[in-house]
Every structure is written in C-alpha cells, then in structure tokens.
Amino acid sequence: MAELRAPDECGVPDPMPFMHPTLRDNYGKWVFHSHPKPGVLYHRAENGAEVWTVKFGTARQLDGYTIRLLCDLADKHADGHMRFTARSNVEFMVTAESKIDPLIKELNSHGFPVGGTANSVSMISHTQGFLHCDIPGTDASGVVKALMDELHEEFIKCEMPNRVKLSTSCCEINCGGQADIAIIMQHTKPPKINHDLVANVCERPTVVARCPVAAIRPALVNGKPSLEVDEKKCICCGACFPPCPPMQINDPEHSKIAIWVGGKNSNARSKPTFHKLVASGLPNNLPRWPEVAAVVKKILSVYKADAQPWERMGDWIDRIGWPRFFEKTGLPFTKYHIDDWRGARTTLNASTHIRF
Amino acid sequence: MAKKLHDTPMLDQLESGPWPSFVTGLKREAAKKDIMVDLLGQLETSYKTKKGYWKGGTVGVFGYGGGVIPRFTELKDENENPVFPDAAEFHTLRIQPPAGMHYDTATLRKFADIWDKYGSGLIGLHGQSGDIMMQGCTTANVQPAWEEINAMGFDMGGAGPALRTSMSCVGAARCEMSCFDEARALRTIINANIDDMHRPALPYKFKFKFSGCPNDCVNSIQRSDMATIGTWRDNIQVNEQQARDYMKGHGMDKLVNDVISKCPTRAITLRNKADAVSGDSISTVAVDDQHVMQIENHDCVRCMHCLNVMPGALLPGKDKGVTILVGGKSVLKIGATMGTVIIPFMKLESDEDFEKINEMSRNIIDFFAENALEHERTGEMIERIGLVNFLEGLDIDVDPNMINHPRANPYVRMDDWDEEVEKANERKAAA
Ligand code: HEM
Ligand code: HEM
Ligand code: SF4
Ligand code: SF4
Ligand code: SF4
Ligand code: SF4
Numbered sequence: 043m044a045e046l047r048a049p050d051e052c053g054v055p056d057p058m059p060f061m062h063p064t065l066r067d068n069y070g071k072w073v074f075h076s077h078p079k080p081g082v083l084y085h086r087a088e089n090g091a092e093v094w095t096v097k098f099g100t101a102r103q104l105d106g107y108t109i110r111l112l113c114d115l116a117d118k119h120a121d122g123h124m125r126f127t128a129r130s131n132v133e134f135m136v137t138a139e140s141k142i143d144p145l146i147k148e149l150n151s152h153g154f155p156v157g158g159t160a161n162s163v164s165m166i167s168h169t170q171g172f173l174h175c176d177i178p179g180t181d182a183s184g185v186v187k188a189l190m191d192e193l194h195e196e197f198i199k200c201e202m203p204n205r206v207k208l209s210t211s212c213c214e215i216n217c218g219g220q221a222d223i224a225i226i227m228q229h230t231k232p233p234k235i236n237h238d239l240v241a242n243v244c245e246r247p248t249v250v251a252r253c254p255v256a257a258i259r260p261a262l263v264n265g266k267p268s269l270e271v272d273e274k275k276c277i278c279c280g281a282c283f284p285p286c287p288p289m290q291i292n293d294p295e296h297s298k299i300a301i302w303v304g305g306k307n308s309n310a311r312s313k314p315t316f317h318k319l320v321a322s323g324l325p326n327n328l329p330r331w332p333e334v335a336a337v338v339k340k341i342l343s344v345y346k347a348d349a350q351p352w353e354r355m356g357d358w359i360d361r362i363g364w365p366r367f368f369e370k371t372g373l374p375f376t377k378y379h380i381d382d383w384r385g386a387r388t389t390l391n392a393s394t395h396i397r398f
Numbered sequence: 005m006a007k008k009l010h011d012t013p014m015l016d017q018l019e020s021g022p023w024p025s026f027v028t029g030l031k032r033e034a035a036k037k038d039i040m041v042d043l044l045g046q047l048e049t050s051y052k053t054k055k056g057y058w059k060g061g062t063v064g065v066f067g068y069g070g071g072v073i074p075r076f077t078e079l080k081d082e083n084e085n086p087v088f089p090d091a092a093e094f095h096t097l098r099i100q101p102p103a104g105m106h107y108d109t110a111t112l113r114k115f116a117d118i119w120d121k122y123g124s125g126l127i128g129l130h131g132q133s134g135d136i137m138m139q140g141c142t143t144a145n146v147q148p149a150w151e152e153i154n155a156m157g158f159d160m161g162g163a164g165p166a167l168r169t170s171m172s173c174v175g176a177a178r179c180e181m182s183c184f185d186e187a188r189a190l191r192t193i194i195n196a197n198i199d200d201m202h203r204p205a206l207p208y209k210f211k212f213k214f215s216g217c218p219n220d221c222v223n224s225i226q227r228s229d230m231a232t233i234g235t236w237r238d239n240i241q242v243n244e245q246q247a248r249d250y251m252k253g254h255g256m257d258k259l260v261n262d263v264i265s266k267c268p269t270r271a272i273t274l275r276n277k278a279d280a281v282s283g284d285s286i287s288t289v290a291v292d293d294q295h296v297m298q299i300e301n302h303d304c305v306r307c308m309h310c311l312n313v314m315p316g317a318l319l320p321g322k323d324k325g326v327t328i329l330v331g332g333k334s335v336l337k338i339g340a341t342m343g344t345v346i347i348p349f350m351k352l353e354s355d356e357d358f359e360k361i362n363e364m365s366r367n368i369i370d371f372f373a374e375n376a377l378e379h380e381r382t383g384e385m386i387e388r389i390g391l392v393n394f395l396e397g398l399d400i401d402v403d404p405n406m407i408n409h410p411r412a413n414p415y416v417r418m419d420d421w422d423e424e425v426e427k428a429n430e431r432k433a434a435a
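Quick mapping for you: the protein sequence lines, in order, are chains B and X. Each residue of the first sequence is one higher than the one before, counting from 43 in our numbering. Each residue of the second sequence is one higher than the one before, counting from 5 in our numbering.
Some hints could be false.
In silico DSBU-like cross-links for lysine-lysine, where the CA-CA straight-line distance does not exceed 35 Å [stated by the list, open to error]: (1) X/Lys55 - B/Lys266; (2) B/Lys118 - X/Lys121; (3) B/Lys79 - X/Lys324; (4) B/Lys147 - X/Lys121; (5) X/Lys59 - X/Lys121; (6) X/Lys252 - B/Lys346; (7) B/Lys71 - X/Lys252; (8) X/Lys55 - B/Lys231; (9) X/Lys114 - X/Lys209; (10) B/Lys234 - B/Lys274; (11) B/Lys234 - X/Lys59; (12) X/Lys55 - B/Lys318.
If you only want the chain X side, here are some residues facing chain B, beta carbon under 10 Å, derived [said to hold, decoys possible]: (13) Lys31; (14) Arg32; (15) Thr53; (16) Gly56; (17) Ser124; (18) Asn154; (19) Asp262.
Derived by calculation from the structure, the hints in this document are not laboratory data. For each residue, glycine too, the CB sits at the ideal point set by N, CA and C.
Could you put together the complete structure from these sequences and hints?
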C-alpha cells in the first residue's frame with residue numbers, strides 16, 4: 043500500500059494572491075459605491091481608483107464545463123479573477139466602464155442571468171436536498187431552479203422596494219436560513235418507526251434526547267429493544283430522523299411545504315428578525331412545485347406594489363400590520379399561525395394597537 | 005465515454021427556462037462519467053418517490069477526523085445490490101475557500117481538473133457554511149483527491165461536532181462600509197483553532213462569521229455561534245459634495261421619506277442652516293444651500309440605513325472596531341436563536357487587538373467544550389445556564405448594551421446586591 047501523506051494543516055488560504063489586483067491594491071480604502079444598472083456595481087477608492095462589478099447567477103452546482111467556461115470568460119474580460127457571493131452568484135471585476143457591456147452580452151449569450159444587485163430578488167440560498175443530504179424531504183437545487191425560472195425577471199431587474207433574500211430548506215432544520223421569504227419542508231405526521239432496524243442502527247438514548255418535546259420512549263417491540271413515539275405530543279419536527287434513520291419522518295404525501303416571511307439578517311432600520319409562518323400545507327409537487335411558486339409570486343407582487351422604498355418585507359409588514367398582510371395576499375389566517383412554543387406570549391398583541 | 009443515460013423525464017423538465025440548469029450540468033458530466041449517469045438515475049428516482057436514498061457512514065482522510073461527508077446509496081434491489089452501482093458511493097469533500105471567496109482562474113481550473121480525475125466533476129460553489137463542496141467521490145478516491153487538493157494549499161473544512169468552515173463578507177476588499185480587516189480576523193481565529201476543525205471533539209458544531217459592518221452580509225447574528233461585526237464609536241463621517249449630489253438626484257421628498265424618517269432612533273434632523281445646532285456628538289452636512297442634515301451620534305445605533313441610502317455622503321466613523329455576539333443558531337432544538345451582545349465594542353487594528361480576539365475566541369470554545377451538553381449549541385447552553393454564568397465563566401463584565409431592557413420579573417435571589425453595586429462602582433471608576 044502506498045505511503046499515506048500526512049496532511050498539511052494549512053488552514054484558510056490568504057485571499058490576497060487570489061484577489062483581483064484593483065481590490066487588493068485598495069483593500070480597506072473604498073469610499074463610494076453606486077448602482078449604475080441592474081447587475082452592475084461601481085466602487086471608488088479614496089485615491090480615485092475605480093472598479094465595476096458585474097454580478098450574475100449560476101446553478102451553484104457547477105460541472106467542469108461550466109467552471110472552465112467561467113474561467114475562460116474571466117480571463118477574457120476580467121483579468122483572470124472572480125469571486126463568489128454567499129448566495130452562489132459570481133462577480134467579475136473590470137477596471138473600465140467600456141468593458142461592462144461586452145461582458146454582459148457574452149454572459150447572457152451563455153445563459154448566465156446578470157442581476158441580483160441591490161433591490162432585486164437575489165439567488166435563493168439553499169442546501170443539498172436529494173442530491174447529497176441523508177434526511178431530505180424534498181430537493182434543493184430543483185426547487186431553486188424552478189423558482190428562479192419564475193423570478194428571473196425580478197433577478198435581472200431591480201424593481202423591488204428593497205433587496206429580497208429567499209431561502210429554501212428541504213427539512214425543518216432550515217439550513218437555508220432566515221430570509222424575506224423562506225420555503226421550508228413541514229412534516230405533518232409523526233415518524234413511522236421501522237422497528238426491525240432500530241435495534242441494529244440506533245443509539246437509543248441519543249434519539250430520545252434529541253426530541254424537543256420528550257415524545258420518544260425506549261420500548262420493547264416484538265421482544266426487541268426499540269422506540270415508541272407519543273403521537274399526541276409529537277410536533278413532527280423530524281429531529282429524531284438524522285440520528286435514527288428508522289424514524290421515518292419523510293412522507294411523500296404528508297410532508298408539506300410551508301412559507302415564512304419577514305426574516306432579516308441586516309441591522310438596517312429594525313433589529314434582525316426571524317421569518318414568520320404565513321402559509322403551509324402546500325404539496326411537495328416535483329419537479330416544478332407550481333403551488334409554491336404561485337404563493338411566493340403572490341406575496342412578492344403585493345410587497346412590490348405596496349411597500350415604500352427601502353422597506354424590507356418585514357419592515358413593510360411592521361407598517362401595515364399582519365391583518366392587512368393576510369388580507370392583501372389573500373392567504374388564510376388559521377389557528378396554526380398563533381405560536382404556542384416557548385416564549386410564545388411575547389408574540390401576542392398585549393395592547394390595543396389595532397389598525398382599522 | 006460513459007454508459008448510456010437512464011431515462012430522466014422528471015429532471016428533464018428542469019432543463020428548460022431562463023435560469024442556469026444544474027440538470028444540464030449533471031448531464032454534461034454524465035456524458036463522461038458512469039458515476040454521474042447513476043447519480044442521475046438515483047436523483048430521478050427520488051423525484052418520482054419523493055424520498056432520499058443516502059445514508060452516512062465513516063470515510064475520512066489520513067490524519068483528520070472530519071471534513072468528508074460520506075454518502076452510500078440505500079437504493080437497493082431485492083438482493084441488496086445497489087440499483088445504481090456506479091453512484092453507490094458519492095462522498096463530498098468540504099474544502100475551505102480563501103476568505104471572501106476570491107479566486108484566480110488557474111486555481112479554479114485546477115479544482116476542475118482534480119475533480120475530473122477523481123470525482124464526479126460536480127463542484128458546489130459554495131455550501132451554506134461557505135465550503136467548496138467537491139461532490140461525488142468513491143471511497144478509494146477520497147485520499148488521492150485530497151492529497152492533490154491539499155498540495156494546492158487548500159485545507160479541509162469542518163463537519164460533525166467541530167469548528168466549522170467560516171465566512172466573511174467582501175468587506176475591505178470592495179466595500180466602503182467595512183470597519184475592520186475581515187479576512188485577517190477570520191484567518192487569525194480559524195487557523196489558530198484548526199485542530200478543532202480537523203479532529204471533531206466538541207459537544208456540537210461551532211461557527212464563526214465575520215461581517216464588516218452591521219449590514220451583516222454573511223448573516224452572522226443568526227447563523228454563527230460567534231459573530232464579529234464591524235462598527236465605530238465616534239461620529240458618522242460626512243462628505244458634503246456627495247450629499248449635495250444625492251439631493252440633486254433625489255430631491256427633498258426622498259431625503260425626508262427614505263432617509264430621515266426611516267432612521268429607527270430619530271437620530272437625524274433636517275434643519276435650516278441658521279438653526280443648526282452644534283456639539284461634539286453631532287455630524288452635520290449641508291444638502292443644499294439652505295438645509296443641513298444633522299445626526300446626533302449618541303442616539304445613532306449604527307443601523308447603517310442612512311449610510312446605505314446615501315453612499316459616500318455618509319460613512320462610518322474613524323474610530324472603528326467590532327461588536328461581538330454569541331449564540332446564533334438555527335432551529336434545532338429549542339427554536340432558532342440570535343446571537344446576543346457580549347462585547348459592545350473592541351478595537352481590532354493592532355497585532356495586540358487580534359491577539360486579544362483570538363484569545364477570547366479560544367476561551368469561548370473552551371467554555372463551550374466544557375459546559376455544553378452533547379449536541380447542544382452555544383446559544384442553547386447560554387439559554388440553559390443564563391448569560392451571566394456564561395459571562396462570569398469568561399471573565400467578561402456585564403454591560404447594559406447586552407440587554408433590550410432590564411428584567412421584568414422579581415423571580416431572582418439578590419442577597420448580595422450591595423456587593424454587586426460595589427462592583428458596578430469599581431467598573432465605573434476604572435472606565
Ligand atoms: C459593495 C458591497 C456591499 C454593499 C454596499 C452591500 C450593502 C448591503 C445593504 C445596504 C444591505 C442591507 C439592506 C437593508 O436591509 O436595507 C445588505 C444586505 C445584504 N447583503 Fe450586502 N452589500 C454588499 C456586498 C454584499 C455581498 C458581497 C454579499 C454576499 C456575498 C452581500 C449579501 C447580503 C445579504 C445576504 C444581505 C441581506 C441580509 C439580510 O437578510 O438582511 N452583500 N447589503
Ligand atoms: C444529517 C445530515 C445533514 C446534512 C447532510 C446536512 C447538510 C448540510 C450542508 C451540506 C450544509 C451546507 C454546508 C456547508 O456550507 O459546507 C448545511 C448547513 C447547515 N446545516 Fe446541515 N446538514 C445535516 C444536518 C443538520 C443538522 C442536524 C442541523 C441542525 C441541528 C443542521 C443545520 C445546518 C445549518 C444551520 C446550516 C447552515 C449553516 C450556516 O449558515 O452556516 N444540519 N447542512
Ligand atoms: S435543510 Fe435539512 S434536508 Fe435540506 S440539506 Fe439541510 S439538513 Fe438536509
Ligand atoms: S418528529 Fe420531533 S417531536 Fe416527533 S418524535 Fe421525532 S423528535 Fe420528537
Ligand atoms: S457586511 Fe458591511 S462591510 Fe461587509 S460587505 Fe456587507 S455592507 Fe460591506
Ligand atoms: S445609521 Fe444611525 S443615524 Fe443612520 S439611520 Fe441608522 S441609527 Fe439613524
């Protein structure tokens with residue numbers, strides 16, 4: 043057997059050698075930016091140095107051909123450098139305004155949508171789904187592809203009141219994260235336990251400890267050590283599934299999709315907020331999830347028409363109030379919108395602040 | 005040439021439409037590689053049955069305990085043989101990118117070449133924690149692929165109960181809002197604690213994230229156990245020329261409606277020049293010949309809104325530093341939690357400053373390692389033991405910036421009130 047090489051624990055690489063030279067030379071010295079047009083940012087440093095950034099969307103899961111194509115385009119137009127954003131957009135930096143249009147033209151000719159800057163709907167933050175996760179209730183890349191096809195215009199134009207950040211998550215763990223609109227799997231039935239497997243594969247105390255509502259108990263089933271779930275207590279969160287695959291939570295019919303709105307990470311204006319549930323029970327309808335897309339587009343169109351400039355989704359709802367949010371979007375308000383988890387009373391209206 | 009493609013009528017529907025299609029990308033690789041042909045077969049099955057078919061396992065590289073996400077197929081026929089044998093093993097290597105995700109094309113091409121040679125050709129750029137995700141590798145190929153990646157100067161990322169791959173915003177590289185050297189802070193802290201990434205032995209995951217200003221473009225408050233966010237403590241800087249340009253382009257209505265009335269703490273006032281007030285904490289900028297905009301910086305909470313709307317006209321102050329929050333995490337198990345302030349302000353410029361934040365990070369990881377229960381995140385631990393116990397464990401003084409408001413219930417023992425008052429007085433005297 044060949045000698046195994048001990049790893050070089052080199053850690054996080056220094057970005058400087060990889061960085062576009064204009065960014066490197068002016069590191070920490072920028073004083074101004076503007077947004078000349080959708081997909082393009084302009085930055086100026088204190089010494090007058092200028093850089094234009096052209097931002098465009100990708101599929102995030104990139105094959106070798108696409109990576110090499112991006113490299114060819116960066117060599118031709120952008121001095122051989124690029125950077126990726128947290129939402130899998132790519133940014134090419136150019137140092138002359140005249141280089142922007144030819145670059146955009148060529149990007150578009152290869153099918154890359156240029157946009158995603160400022161008050162646009164940016165690429166959807168998402169994770170792995172069926173492609174690589176071991177617990178998904180639905181796919182990630184597919185939902186995103188289907189939705190971004192629908193929202194393409196909003197990505198390439200910047201016509202929203204403020205930026206709109208979306209996320210999708212294929213289980214309630216919510217790897218996709220907090221967002222203006224978050225699309226998240228919502229299970230509606232307790233796990234079906236495959237008792238034959240529990241004894242072999244599961245560390246039972248770990249599974250019992252994982253449940254947020256203490257619904258799982260060790261039990262003997264057909265004379266073998268297994269687990270049982272108090273189905274009255276179970277909130278169908280799926281937390282028991284990762285440590286114990288026999289706790290089958292995913293259900294082709296009963297695992298539904300929920301939509302949450304008003305999450306914000308930035309501290310701008312209001313403090314950061316978590317997204318809130320507005321719709322659920324939508325079918326997991328592969329490969330294009332039309333019912334989900336319809337609700338997302340409805341919410342976006344009402345927000346676009348009604349919010350003031352610079353109001354994020356949550357800021358807008360703060361102004362108009364939840365009753366009018368439900369009224370304007372036509373989404374039904376149900377008892378499930380009223381929180382009963384810990385801290386829930388702080389979410390209730392303890393005032394006479396009511397809009398009429 | 006690879007074997008023949010399986011029929012994928014569901015996935016085929018994701019090849020049309022204006023957004024770039026990952027299915028088209030997978031098919032391009034499938035034209036060359038059997039592993040991708042069978043991956044498409046399994047993915048199509050998932051689309052039909054609405055079920056996932058991966059299970060974990062143990063696969064790693066020599067010398068490290070983490071960083072590889074093992075995936076073995078569970079889609080077996082009646083004889084327990086994989087239905088799609090060439091994708092029966094489809095592991096991912098998580099690789100840490102350069103801070104800020106900057107690349108030159110030579111590096112990206114090398115990644116593509118290595119992944120052609122050893123993997124499926126499919127690279128995820130990037131994971132939600134910021135990893136380069138080299139996806140689709142057999143068990144046998146993990147080690148040789150890793151050795152070539154490592155030889156490029158890239159290191160494995162985090163997985164499991166470990167320090168995780170970190171992220172910083174574009175920041176100083178291309179953003180005038182940046183208040184510290186995000187890349188340096190990231191590399192200082194992560195590289196000093198790299199052992200905890202490569203040899204998972206913490207109660208659960210621990211994430212650091214770094215945003216150059218309170219716009220928090222990498223979502224650090226909600227998505228990291230320790231968030232380091234740039235801020236400043238002196239006055240907002242102004243540039244009159246840019247402010248007048250804004251006014252010319254937008255007019256008084258926009259200035260009032262978009263900027264002044266959206267300040268969350270009513271720190272901004274528009275005054276006639278003649279009525280302008282003066283004071284050490286006031287930023288004043290003329291927007292036209294008649295009016296000045298004045299910001300009472302003691303009232304400003306550094307929310308960034310007015311700087312965002314009037315770029316260049318308003319800029320962060322000169323006395324920059326960072327605010328540190330701990331305890332952000334996602335849903336499991338108590339519900340999502342945001343980080344809370346433990347350090348309202350510290351400088352982060354000199355070598356000693358970086359040493360100080362590095363030491364504090366180490367102390368926080370140590371405290372977490374010693375006090376968290378298994379599978380408990382820092383935020384859950386703090387909720388369980390209370391912020392004060394956490395602060396005392398780290399020898400950090402209490403500060404009213406850590407709270408929204410003081411306690412609103414009397415359910416606490418306060419026998420040593422007088423001693424605590426004494427301490428408060430000492431802190432005041434020392435400040
Ligand atoms: C030139 C540099 C940048 C500037 C001036 C900038 C500006 C801003 C502003 C003003 C906001 C807050 C908007 C608001 O709520 O009013 C924001 C939010 C955000 N930015 Fe940036 N940004 C920059 C670069 C980036 C980059 C490179 C990324 C991604 C890698 C990014 C990702 C985000 C995200 C995800 C948010 C939303 C956070 C949230 O949900 O509230 N930004 N940015
Ligand atoms: C068991 C299988 C799981 C798989 C396969 C999985 C997969 C992933 C992947 C691929 C990412 C992106 C990682 C990266 O950027 O490198 C991610 C992120 C994330 N995962 Fe998971 N995950 C799993 C379980 C969990 C669990 C149990 C939790 C929470 C308790 C969780 C919470 C998260 C969160 C919050 C993120 C986003 C983190 C961030 O924004 O930094 N995941 N997951
Ligand atoms: S959201 Fe859930 S199912 Fe999707 S990748 Fe994350 S852990 Fe897996
Ligand atoms: S699904 Fe959630 S609530 Fe139900 S048994 Fe599993 S861990 Fe407990
Ligand atoms: S967090 Fe602030 S400094 Fe960093 S990129 Fe965003 S706006 Fe710029
Ligand atoms: S940065 Fe300060 S002055 Fe500006 S809007 Fe926010 S709180 Fe008001």
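Taking the hints in turn, this is what the structure says about them:
{"no.": "1", "hint": "X/Lys55 - B/Lys266", "result": "27 Å, holds"}
{"no.": "2", "hint": "B/Lys118 - X/Lys121", "result": "26 Å, holds"}
{"no.": "3", "hint": "B/Lys79 - X/Lys324", "result": "31 Å, holds"}
{"no.": "4", "hint": "B/Lys147 - X/Lys121", "result": "33 Å, holds"}
{"no.": "5", "hint": "X/Lys59 - X/Lys121", "result": "25 Å, holds"}
{"no.": "6", "hint": "X/Lys252 - B/Lys346", "result": "26 Å, holds"}
{"no.": "7", "hint": "B/Lys71 - X/Lys252", "result": "26 Å, holds"}
{"no.": "8", "hint": "X/Lys55 - B/Lys231", "result": "15 Å, holds"}
{"no.": "9", "hint": "X/Lys114 - X/Lys209", "result": "30 Å, holds"}
{"no.": "10", "hint": "B/Lys234 - B/Lys274", "result": "14 Å, holds"}
{"no.": "11", "hint": "B/Lys234 - X/Lys59", "result": "18 Å, holds"}
{"no.": "12", "hint": "X/Lys55 - B/Lys318", "result": "27 Å, holds"}
{"no.": "13", "hint": "Lys31", "result": "9 Å, holds"}
{"no.": "14", "hint": "Arg32", "result": "5 Å, holds"}
{"no.": "15", "hint": "Thr53", "result": "7 Å, holds"}
{"no.": "16", "hint": "Gly56", "result": "5 Å, holds"}
{"no.": "17", "hint": "Ser124", "result": "9 Å, holds"}
{"no.": "18", "hint": "Asn154", "result": "5 Å, holds"}
{"no.": "19", "hint": "Asp262", "result": "5 Å, holds"}
The structure meets every hint from the earlier list without exception.
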